[in-house]
Structure formats: C-alpha cells, structure tokens
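Visitor: Below are the chains, spelled out letter by letter.
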Amino acid sequence: MTEFLLAAAGLMVVTVAIGLLRILRGPGDADRVMAVQLLGTGGIAALLLAGAATGEAARVDVALTLALLAAFTSIAFAKAPGA
Amino acid sequence: MSALLDLWTIVAVSSGALFFLAGTVGLLRFPDTLTRLHALTKADNLGLGLVVLGLLPRAEGLLAAAKLLCVWLLVILSGATVSQLIARTARRERPPA
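Going down the list, the protein sequences come from chains C and H.
For the first sequence, position 33 (counting from the first letter as 1) is numbered 33 according to my numbering, and the numbering increases by one without interruption.
For the second sequence, position 51 (counting from the first letter as 1) is numbered 51 according to my numbering, and the numbering increases by one without interruption.
Excised from the complex, chain H in its bound form (with noise of 0.2 Å):
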C-alpha cells in the first residue's frame, strides 16, 4: 500500500513539474500577452494541483490535507480574479487592432 502511494504521489508531483515547466517554456515562447496569460493559468491551476494531489496521501492526518487543500483552492480562487485584471489591463496598454 505504502508503495502504491509513493508511486502516486511520484507521478503527480513529476506531472505538476512538467505543467510547470510548460507553463514556464510558454510564457517565453508565446507571441503576445493573452497567449502568454493562457500558459501561465495552466501553471497555476493544474501544476500545482497536482503536487497537491501528489502531496495529499503524505499529510498528517485530516487537518494538514485540509490545509494543503486550502492552499490549492486559495490559488484558484486568486488565480481566475487577477487573469481577469491583467487581461483587461493588458487591453488597456494595447487595444485589439
């Protein structure tokens, strides 16, 4: 059983880090803001939902999962909120032709 959630959580953390690297490779790469801002949300939600995922078998009773949780939804929740603000600041600077 012990090895079974070593392997998951093994290949949860290691796809978050790929979701972080491409989210990283994209926010280079990409040829304008919103493009860029769709690699980044990627990042945000997905990576690191899945090194909380990862994570979640390892925690220390109810209250730590709760806690890691917490963090996951709290990055959401903040994550969708400023997309929104940095794409509309981002129109600002510079209007669709």
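Next comes chain C alone, as it looks inside the complex (with noise of 0.2 Å):
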C-alpha cells in the first residue's frame, strides 16, 4: 500500500509539472496564475498521500499551510495593481 500511494504522489507531482507548460504559452496573466493554482493543489494532495504513505503526521500539516499559502498568491494577484 505505502508503494502505491507514493507512486501515486509521485504521478500527482508529474502531472501538475506538466501543467506549469501553461506559463511558458500564457497568454494572459490570469491563464499563468491557473497554472500555479493547478500546482498548489497539486502539491497539496501529492503531501497527504506522501503523509499517508509514511505516517508521518507533519506532512498534513504542511499541506494545510500550503492551502492556506496557495489562496493568498492568486487573491495577491487578482489585487495588484495593473493586473
């Protein structure tokens, strides 16, 4: 079992990479923004299987700081000014 769920952090991990592709291609500011979104949430599940996996309970408290982290960046963004 603690295979298969790091493997599948580990596959969580990949993807949202995969996903940061959209920050070279842009366009808009707000389509690179999605793309960090995709990478906090992605982060914050491939913690909790990788918390699972080890039983170590800290981890899940670092995702939930990550959570937490992940909505501050886009509503900073959405308030910028000139954004």
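If you're looking for bench data, these hints aren't it; they were derived computationally from the structure.
Bear in mind the structure is a predicted one, so any value in this text is a computation, not a measurement.
Be a bit skeptical, because a hint or two may be false.
[What the hints assert, rightly or not] Here are the computed distance ranges between Cβ atoms for each label pair:
#1 I10(H) x L20(C): 25 to 31 Å
#2 A80(H) x P27(C): 22 to 28 Å
#3 P95(H) x A57(C): 47 to 53 Å
#4 E3(C) x E93(H): 30 to 36 Å
#5 C70(H) x L24(C): 31 to 37 Å
#6 L68(C) x A87(H): 17 to 23 Å
#7 Q84(H) x T2(C): 21 to 27 Å
#8 T2(C) x C70(H): 40 to 46 Å
#9 A17(C) x S14(H): 18 to 24 Å
[Stated by the list, open to error] Calculated lysine to any residue pairs in the SDA-like style (CA-CA distance at most 20 Å, straight line):
#10 K79(C) x K67(H)
#11 K79(C) x E93(H)
#12 K79(C) x L77(H)
#13 K67(H) x T54(C)
#14 K67(H) x A71(C)
#15 K42(H) x L20(C)
[Said to hold, decoys possible] Okay, the calculated bits of chain H under chain C, using three or more residues with CB under 8 Å as the criterion:
#16 6-12
#17 27-35
#18 41-48
Ideal Cβ placement from N, Cα and C applies to all residues, glycine included.
Make one complex out of these two single chains by using the hints.
Guide: What follows is the structure in structure tokens.
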C-alpha cells in the first residue's frame, strides 16, 4: 500500500509539473496564475499522499499551510495594481 | 475489512489522480481562459476531494481525519473565491466581444 500511495504522489507531482507549460505559453497573466493554482493543489495532494504513505502526521500540517498560502498567491494577483 | 478499505483507497485515489490528469490536459488544451478555469476547478475540488476521501479510512484517529477534511474544505473555499477573482481579472484583460 505504501508503494501505491508514493507512486500516486509522484504521479500527482509529474502531472501538475506538465501543467506548468501553461506558464510558458500564456497568453494572459490569468492563465499563468491558473497553472500556479494547479501546482498548489497538486502539491497539497502529493503531500497528503506522502504523509499517509510514510505515516508522518507533520506532512498534513505542511499541506494545510500550503493550502492557505496558495489562496494568498491568487488573491495577491487579483488585487495587484496593473493586474 | 482491511482489504476492503485498501480497495476503497486505491479506487478513490486513482479517480482523484484521473481528475488531476484531466484538469492538466484541460488547462493545456482548452481554447480560452474561462474554459481553462473550468477545467482547473474540477482538478481542484474533485481531484483533491477524492484523494482526501480515499485517505480518510487510513487516518489515525478522529483528529487526523478532521484535519484532512479541513484541508479539503479550505481548498474548496479558496478555490471558489479565487476562481471568481481570476475570472474577473481575465475579463478585464480581454473583455468579451
């Protein structure tokens, strides 16, 4: 079961990393922020899976913090002058 | 019972991964900003939701399970808010014809 969870975590990271191609292609700033948003959520999922695989409860706390910070990135983008 | 829970975890986590994959493909392939936003929110809410549901039976104790649900709720809440903000910014960038 540990192997399955770790493999799922790795797959999650690879998937959202491919999504980062959208940052290169744009065309607007909103599209780029969406790729970052997907990276945040994928990172949360990977952290939760890795936490369940290794039994380290601290990783769930890291995921909770990442969820909070990922929300702030997009809000900062929407509120930035000139965005 | 344990095998059944393992099966549940495998099914739910795999479906979650599928939604993440679909979200990424949509983000890369869809033609304009708003449709891409639509694909992204599926990965956010359903993908992470299924992963959390799959991990719930493996949580040690009620507190750990509540914490997992907390992560999901926070992502759903922030996802809904942020999608509105991003959509508004996209409209300002390129107003609909």
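Visitor: Given the hinted pair K67(H) and T54(C), is their alpha-carbon gap at most 20 Å?
Guide: 17 Å, holds
Visitor: At a Cβ distance under 8 Å, does chain C reach at least three residues of the region 41-48 of chain H?
Guide: holds (count 4)
Visitor: Regarding the pair K79(C) and L77(H), is the alpha-carbon distance no greater than 20 Å?
Guide: 18 Å, holds
Visitor: Does the alpha-carbon distance linking K42(H) and L20(C) stay inside the 20 Å limit?
Guide: 17 Å, holds
Visitor: So does T2(C) sit 40 to 46 Å from C70(H), Cβ to Cβ?
Guide: Violated: the Cβ-Cβ distance is about 24 Å, outside 40 to 46 Å.
Visitor: Range first: 30 to 36 Å. Now tell me if the beta carbons of E3(C) and E93(H) are that far apart.
Guide: 45 Å, violated
Visitor: Holds or violated: the 17 to 23 Å window for the beta-carbon distance between L68(C) and A87(H)?
Guide: Holds - the Cβ-Cβ distance for L68(C) and A87(H), about 22 Å, lies within 17 to 23 Å.
Visitor: Return holds or violated for the Cβ distance of A17(C) and S14(H) against the range 18 to 24 Å.
Guide: 19 Å, holds
Visitor: For a C-alpha distance cap of 20 Å, please report whether K79(C) and E93(H) respect it.
Guide: 14 Å, holds
Visitor: Does A71(C) lie within 20 Å of K67(H) when you go C-alpha to C-alpha?
Guide: Status holds; Cα separation ~18 Å.
Visitor: In this structure, is the beta-carbon distance linking C70(H) and L24(C) contained in 31 to 37 Å?
Guide: 34 Å, holds
Visitor: May I ask you to test the hint 21 to 27 Å on the CB atoms belonging to Q84(H) and T2(C)?
Guide: At roughly 39 Å between Cβ atoms, T2(C) and Q84(H) fall outside 21 to 27 Å, so the hint is violated.
Comparing the model with each numbered hint stated earlier shows that hints 4, 7, 8 and 10 do not hold.
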